[in-house]
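Please arrange chain B on chain A, whose structure you already have, making use of the hints.
There are 2 protein chains.
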Amino acid sequence: MTTCNGAGTTAKPDRSETGQEGQYTDLSDIIRPVGHEMALVEEWLVTNLIDDSPFVGDLLAQIFQAGGKRIRPLISLLGSKASLTDSKDDVAHSEMSRLHIILAVLTELIHSASLVHDDVIDAASTRRGQETVNKRFNDKLAVLLGDLLFAQASICLARIMNPVVVGIYGQVLGDLCSGEIGQMRQQFVCRVDWDAYILKSINKTASLIAAGAHSGAILNARPDNVVAGLKDYGVNLGVCFQIVDDLLDVTGSAQQTGKPVGNDLRNGLLTAPALYVLERNDTSSQRLVELINKRAVQTDEGVEEALAIIRKSGGVEQAQALALSYGAKAKSSLSVLPDSESKQALIAMVDYVLVRSN
Amino acid sequence: MTTCNGAGTTAKPDRSETGQEGQYTDLSDIIRPVGHEMALVEEWLVTNLIDDSPFVGDLLAQIFQAGGKRIRPLISLLGSKASLTDSKDDVAHSEMSRLHIILAVLTELIHSASLVHDDVIDAASTRRGQETVNKRFNDKLAVLLGDLLFAQASICLARIMNPVVVGIYGQVLGDLCSGEIGQMRQQFVCRVDWDAYILKSINKTASLIAAGAHSGAILNARPDNVVAGLKDYGVNLGVCFQIVDDLLDVTGSAQQTGKPVGNDLRNGLLTAPALYVLERNDTSSQRLVELINKRAVQTDEGVEEALAIIRKSGGVEQAQALALSYGAKAKSSLSVLPDSESKQALIAMVDYVLVRSN
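Residue numbers (my numbering), protein chains in the order written: chain A, 306 to 663; chain B, 306 to 663.
For the record, the hints were derived by calculation from the structure and aren't laboratory data. Treat the hints loosely; a few may be bogus.
In this list, chains with the same sequence are indistinguishable; a pair is considered to hold if it fits within one copy or across any two.
As the list claims (entries may be wrong) - Taking lysine-lysine and the DSBU-like style, the derived pairs with C-alpha atoms no more than 30 Å apart in a straight line are: (1) K445 to K599; (2) K636 to K648; (3) K599 to K634; (4) K636 to K599; (5) K599 to K648; (6) K374 to K445; (7) K599 to K440; (8) K617 to K536; (9) K440 to K648; (10) K374 to K648.
So here's chain A without its partners, still in its complex pose (with noise of 0.2 Å):
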């Protein structure tokens, strides 16, 4: 299913033009300016930085043979990469490339670790389409895998030995917990406020994909717009990240996005299409703020009627409008930088988030 129609800008065909699925989904092409670096972000991520059991490294294996698309430690090294222009860079970020492979391994780490304790705090069973560590073993192991990748990202971030960068993780940790309070503060709780709407999707999903996209050019000692370029791209590309999950609760399929459609429905969050709908204040908007209200949507009929009525409304359709002006706000915050393969990897990414089905 087609996320969002025409966020595509490169010359490949929409997917919904040419009746052919995952066209998009493949992260190949995406992948290959900084392929060699992903390969070794792989390894770091189950490396055991904590101490010299083989038990931690059994546990950092499981987490990560579990699955993830790597996103988040592809568009850091890709924004490091991209931040480069002359063949004098190129030097320095061959020197530095060690730092960024492990500036893009603690972005990772930092967001598993909220994966693993979200999953406890929203009791979830299923995530990626397999079961959650709370519900495979029990909520206690979940606290201390989540506490031991916390942990695993604060020794990569000590080894980066650059304050700035740790004071950034530092907020980004504050964000994670201040998005996730937000969140839990507004279930069904039926207000349209879109300013608390993007607040919350800054601080849970935004703010470290930001912090991954501009700290390698602080890093690699790029001018201030540089660094702000990069980080308006991951501040408007997370936002965009998240309103595309809101539409994948709607208009997604278990099977594609590995957790129940109607999740973020079922506790009570209001995506972005319940939003629209909810601001009509017409008849189905009515019907919509009752099935939340009386917690019908906790129940399979009640939420399958609540999923209808987001569909009916046009619901779906502006939040894809949404979704594209961020995409394309993030595009053009890169103009700041000289054309290279990174860059165009960059504006690919927003194209494969828009039309992301998992």
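Just chain B now, kept in the frame of chain A:
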């Protein structure tokens, strides 16, 4: 109840000699050299560094109004001050005081975060005589609160802007996880392995105390031997602290410690007094092994019998001697420091830890 007889080296008489209770449980003499700074630590602990929501501030207030002796920030501030000598340094200390207070705060934040998550992992229902967060609310909120405290700590760490200190605390987070995993893997395993016991104690308890004790000297740019002396003090005091914790599990009361007596034994954790009994391999030892292997320690009768064996078999006295030896090592580590009120307070802290009752 006196935990370790004859521990004191100060002029004050030991409680076991005077029959007076509580003389060493008063920290006011130890706090005096850093009383002003400790008041600022309290303010910082409840300051929301994450976002501008009053809700986060309220959560922090709830956590820190629940009590706690603030031993770790106290050691951190005393370490900072004791590492300074002459008036020139005093000026430098005054200029750096904000950083030292942040250092003390982050040490307590990490401690509190790990307690909140440990209580989820151990399914503990009481802490400091109060219901734990997981018991009073649920595991989900406890996970989020722990993460929130780690995030606050990360933001503090970033503000210190010192890559060496970032490295020290990154490793502390790893050590805490490593200690927790080590402990989890040794539950109900009746093997006497003192190296594993000491390593677990360093990871779980001493690492954070040592980080607080010597990081201030690093910020003050003190010579290596001063930094190393304060680190050794912290490691030895931390192991001493863990052994006393073990003793309190056998000799304390729920009223004193705020958690059920024999709590460690019920969870299959071999405390120092239990290890001394087990290594004898006599009739008492064999009965203790039986009670642990058959999980009889999980019942009231079983744990009472196990505690009685440990108390009667001299395990308590041997563990007291071990705690004293680590306390003595902690004190002698301070010999590199010039005499000062703060150094005397660090010495008195060892005595406080040795005779503490909670």
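Hints, verified against the model:
1. Taking the shortest Cα distances, K445 and K599 sit within 30 Å of each other only across copies (23 Å), while inside one copy they are farther apart (32 Å).
2. For the identical chains of this complex, K636 and K648 are intra-copy neighbours only, at 10 Å inside a copy versus 59 Å across copies, given an alpha-carbon limit of 30 Å.
3. Proximity of K599 and K634 under a CA criterion of 30 Å is satisfied in neither setting, with 38 Å inside one chain copy and 64 Å between copies.
4. When the C-alpha separation of K636 and K599 is checked against a cutoff of 30 Å, the pair qualifies neither within a copy, at 42 Å, nor between copies, at 64 Å.
5. In the homo-oligomer, the alpha carbons of K599 and K648 never lie at most 30 Å apart, since the shortest distance is 48 Å inside one protomer and 63 Å across protomers.
6. In this assembly of identical chains, the alpha carbons of K374 and K445 lie at most 30 Å apart whether taken from the same copy (26 Å) or from different copies (27 Å).
7. With identical chains, the CA atoms of K599 and K440 are at most 30 Å apart both within one copy (27 Å) and between copies (28 Å).
8. In the homo-oligomer, the alpha carbons of K617 and K536 never lie at most 30 Å apart, since the shortest distance is 36 Å inside one protomer and 66 Å across protomers.
9. Taking CA atoms no more than 30 Å apart as the test, K440 paired with K648 passes in neither setting, with 40 Å inside one copy and 51 Å between copies.
10. In this assembly of identical chains, the alpha carbons of K374 and K648 lie at most 30 Å apart only when taken from the same copy (20 Å versus 53 Å across copies).
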